[in-house]
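Participant: So the chains spell out like this:
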Amino acid sequence: MADNAWIQSVRLARGPATASAACPEQEEVVHLFGELRVPLLRYLHGLGLPVCDCEDVAQDAFLALLRHLRAGKPRDHLPAWVFRVSRNLALKCIQQTSAQRCLDEDCANAPDRAANPEEQAAHSQRERTTRAVIAALAPHDRQCLQLRAAGLSYRAIAGVLDVSLGSVVACVSRALSRIARATSQEK
Amino acid sequence: MRAAQQHITDEELILTMDGELEEPRRGAVDRHLNQCWACRARRAEFERGIENYLAAQRSLDAAVPLPPAAGPTARLRASLDSAMAQEPAGWRSAASRWPRAILAGAAAAAMAVPVGVTLLAWFGTKNLEAPGPLPDARLTPGAVRLISQQQVCVVPAEDEGRLVPAELARRVFEQYRIASPKPRAYEVDYLISPALGGATVLQNLWPVPYSDGVWTSRVKDALEDHLRQLVCAGKLDLATAQQEIATDWIAVYRRYFRTRLPVAAHARFVKDSPWE
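These protein sequence lines map, in sequence, to chains A and B.
Under my numbering, think of the first position of the first sequence as 1, with each following residue one higher.
Under my numbering, think of the first position of the second sequence as 1001, with each following residue one higher.
By construction, these hints were calculated from the structure, which means they are not laboratory data.
Be careful, since some hints might not be right.
As the list claims (entries may be wrong) - What follows is a set of in silico ranges between Cβ atoms, one per label pair, in the way DEER data are often shown:
#1 T1259/B to Q95/A: 52 to 58 Å
#2 A1166/B to R128/A: 31 to 37 Å
#3 Q185/A to E1023/B: 27 to 33 Å
#4 K92/A to E1047/B: 35 to 41 Å
#5 Q95/A to I1250/B: 27 to 33 Å
Glycine residues also receive a C-beta, built at the ideal position from the N, C-alpha and C atoms.
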């Protein structure tokens, strides 16, 4: 039934007013959204934003991307552009209204950070060690890793975080060797 | 041994692994890696770090499930459509502010319906003078929450939040270029009423002047109630009801009540309060 409700509304939305077909930028934005949504939400969540706010931020960022493309602005490194804009929006959101917007009732009800003990027990010792190392990393290092895992180049990450290329590479190598060392000691 | 001084730095090793080391240096690093086991072991260590990181991250991610992509994608399409529709009038930075409270009512919340607002952009061919008994189809095409027929009928009509937030009302007036609206002269009305699944967003609201002829918002309220009864009695499809009321509600009223002018009782139908 829930699915039916979806199909119905989506069909209606695409109904008579298909101005979207005339705009290639719009399709490009939707396509990129499909590709980047999950890593982007993970990244924003890692910044400390509840999932439903991450979703809002992503929506805003991709709407801004449409504007960016329609204005004929540079289209190289669009994923990095999306991450940078989203990051700025997220930080603003966290900063200005942590009480009001970021913790509204919908968010409070959403299943967030379900640290289920049985589930945790199922993980291997190595995984637990790695998780502990990740948790102990400096937030900046953690972000670098996450962005690299999302497929961004080091240069792109430097652009997103507004730091030098060298510092990004140093962060990643530091974090990776820490993880590798911790897990190899374990064995 | 000389090689010890020439070992590759961690940074260069990382850049090489990811193919991001610039060319002149790259050749030298490759050659060194061919002969130096120590550096290759360090590279393997980094690879193991990546592997462990991904495994741990995957399990961390599994603890925080994300909603399926369909809802957010539809929501994005809708706001892109609406942004494109507004483009000639200039971009409005607030265009993307969507309400998150989509499914009202506990029963609705219990059903795991993907959250999102979908715009119903029916751009009529009429070019209407706004505001009036009918909205400007370009400014107010109508927007609905994603809600099913059953959900519409679970929540009593009067429980549906009908109050338009002051800030939103202000933007509605702004959109219709009404500089200083006289208090109590307008009702900021929904095109598709919340009781029929209408959304509290700019695209579904317009200022209806009270003084404007016989087709008042009260008459429209009577029609909405009637349509909702039909929907909940299973005599009318919810989507059809939404579409009808969004296209030309006066024509729909005439058809359903078989009259050219509003029924007298409906003209006195008081439901919503005026904008003050």
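Participant: Can you list which hints this structure breaks, lowest number first?
Facilitator: 2, 3, 5
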